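Student: As a plain string of letters, each chain reads:
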Amino acid sequence: MDTPTDHLQRARELLAAHPVVDGHNDLPWALREHVRYDLDRMDIGADQKGRLHTDIPRLRSGGVGAQFWSVYVRSDMAGDTAVSATLEQIDIVDQLLERYPADLARALSAEDMEIARDEGRIASLMGAEGGHSINNSLATLRALYALGVRYMTLTHNDNIAWADSATDEPRVGGLSAFGHEVVREMNRIGMLVDLSHVAETTMRHALATSVAPVIFSHSSSRAVCDHPRNIPDDVLALLPANGGVAMATFVPKFILPAAVEWTHAADENMRAHGLHHLDTTAEAMKIHEAFEAANPRPVPTAATVADHLDHMREVAGIDHIGIGGDFDGTAFTPAGLEDVAGYPNLIAELLRRGWSDADLAKLTWQNAVRALRAAEDVAADLQTTRGPSNVTIGELDTV
Amino acid sequence: MADPQNASPVTTVDLGDLDDLDDDLDALAAAATEPPPDPELAAAATEPPPDPEPAAPAIPPVEPLARAKELLRSHPLIDGYNGLAPVLRSMHWYDLEAGESLLETDVPRLRRGGIGAQFWSLQETADRADAPSLGATLELIDLVRATVAVCPEGLRLALSADDVVDTRNCGRISVLLGPMAGPALGDSLAALRAMYTLGVRSVSLAGSRWTRNSGLTPFGHEMVREMNRLGVLVDLSGCSPDTMRRTFGVTRAPVLLSHQVEPLPDDVLRGLRTNNGVCMVMCTPGTLAETADRLDRIREIAGPGSVALSGAHDTGAAHAAGLQDVSCMPRMIAELLERGWPESDITNLTWSNVARVLRGTEFAARAARPRRAPSRVTIGALDL
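In the order they appear, the protein sequences are chains A and B.
All letters in the first sequence, in the order written, are residues 1 to 399 by this note's numbering.
All letters in the second sequence, in the order written, are residues 1001 to 1384 by this note's numbering.
Just so you know, these hints were derived from the structure itself, not from any lab.
Check the hints yourself; a few may be wrong.
Said to hold, decoys possible - Label pairs and their calculated CB-CB ranges:
no., chain 1, residue 1, chain 2, residue 2, range
1, B, A1149, A, Q9, 46 to 54 Å
2, A, R41, B, R1372, 12 to 20 Å
3, B, V1150, A, V211, 23 to 31 Å
4, B, N1276, A, S389, 42 to 50 Å
5, A, A282, B, D1130, 41 to 49 Å
As the list claims (entries may be wrong) - Beyond 12 Å from chain B on every Cβ pair, some chain A residues (computed):
no., residue
6, E98
7, L275
8, D319
9, G387
As the structure is a prediction and not an experimental result, all values here were calculated from the model.
Quick reminder that beta carbons are idealized off the backbone N, C-alpha and C, glycines included.
With the hints as constraints, model all of the structure from the sequences given.
Tutor: Given below as structure tokens:
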């Protein structure tokens, strides 16, 4: 009988051949917040445990073969400010690539991902997180593509003019007419449509319009844990026809029902003290710490994530699931998945549950690479018949 | 108006020897400034042969316009400033390869004008009141790239001096992206780097917060150094003379002025010569002769190595008769030949000076990159 150590050993062997493609990592924003992009003050070539979830040694030991670096900017940014901040985020990824060429390889295509893996380097891709990064401009969307961005999450936590977010009040009821045009243009240029963070209505609209596979770069199952950031079963069931990939995330307050409840209670406690639930002043933190001392924060484990993957597999199929940890984009992480070195623990858990080597290769590597390649093929086809769209939001959406 | 034909030392050439370009120009000029021409003369002017080669003279006459065209064949004009991009944005449909009469620029006229490369401005035309924005700049870059992509027989996007040479050798016309408006960078060095990646090769400093107070702030110094490191041309048009003087002290690469309106002080012109930069004189305002006067002055003070031309077409600026579109540039060259500019000065003006500035900027970038990491300084940290 296999011991836990055997599972972990086999997980590492599997990852050596089929490393993890992780859908979402917020290292760029963490570098902006911690050290204003000063890479001399935060060398990710060395161990940054305790400061970051991510560094190169831990990506290596975690078996990561490709990373979509999020070029996220805050969703309260708008206009040129959001675009400019996005360019800064892209710029720091470029600088990381220049600084660590032995470990990180720029990847702009599925083929680049495979080449990087074969060279033993970590394929580095970029994903924009929220349509506010293109400031209602399809030309700006194309500029992001030209700068290397290969997916765009349609919204972040707040609605934008042309798409509803999962965590905001419904406004346009999914995608507006311009929102559909953004999806079509993303199809045409070969940028993956990412449906994490968006409202259910937006998910369904985008899946109806997109002729290329979509992804969920960091979302789990709503049936397992009822949180708006997760994916409802009927949407997961649309993925086989679409060819897309739902990449399960590790964020405790999205994946563990007890953590969802705990977060609600903690927020309620803050409001009961007359404070905003996101208040981080010293006084507020003191109240929050008292709450946490009396009510220990529930901690998910690798098994919690595996529960999501088991269910997502059942509903969407083994060809339509992946992994998107959201490291450095979340303050808290599951036990065993504390940082980017943790992926082997998840794979070991899935081995224990009877997932085959072939299943795991699809989960970690093949599905995500296939989705990007399919998006490239769709784009190549569309470009033979369609030119760039220059429609404006003013022309399509009557406000 | 100044007409090189009238002033030509060759008096034996009759109207029938003018080629079709000159017919167009004369007809337009006449329509603009003079009463309708004698119908018989006009009829004669439209008669063949179109080629100016005389039948069989013992010594070929030196006809300035023909000579200008010949010089432009080997040393085509690198035109420093064209406003087509923002104009195209407001047009629903256009075909630059077939020709577009509503514009002052299209491929057939670029060819007739002997233009080998052209900078397409990413700045708003003066009539747009809104401040330069990053979004608008990205849209113009996108538009230029799309426009060039649908004119493969005529135009190519050039990203380097080598590209400009290759494009000329392929019989195409280079389009260079720039200048963009410095203020549109939003005081972000990362935005500058993104613009470089997207193909922008020239930034106009004027109007940026870091060039105000008639100088160059510490952050402005950093911007210029980063432009040097990347290989982005520093365009000083419209800056105060003090900003120009300060920039000469900072930049490691030659600068240019692609659309300078105010006359430059003599010491700035001498500084430009020391810097190995180039002032590209606009063909507006004023007559062809007045433009030639400006060229004479720059050549005299800054030297023949620091003078070049900007057609400034499709910018909304009025052009004198005889300079009204990009096909007119040979006339400008003919005027300079008549003023006694040696041919080596002419080829410097049309091609070599700007080519040198492009190469000098690339050389400075190659020298700087191993010595300097991308700058991440913010304006707040330096300028307070």
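Student: Look at each hint and say if it fits the structure.
Tutor: So, going through the hints one by one against the coordinates:
1. A1149(B) x Q9(A): 46 to 54 Å: holds (53 Å)
2. R41(A) x R1372(B): 12 to 20 Å: Cβ of R41(A) to Cβ of R1372(B): about 18 Å, so the range 12 to 20 Å holds.
3. V1150(B) x V211(A): 23 to 31 Å: Because 24 Å falls inside the window, the suggested range holds.
4. N1276(B) x S389(A): 42 to 50 Å: holds (44 Å)
5. A282(A) x D1130(B): 41 to 49 Å: holds (43 Å)
6. E98: violated (8 Å)
7. L275: holds (30 Å)
8. D319: holds (35 Å)
9. G387: violated (7 Å)
Going down the numbered hints, you'll see the structure goes against 6 and 9, while the others check out.
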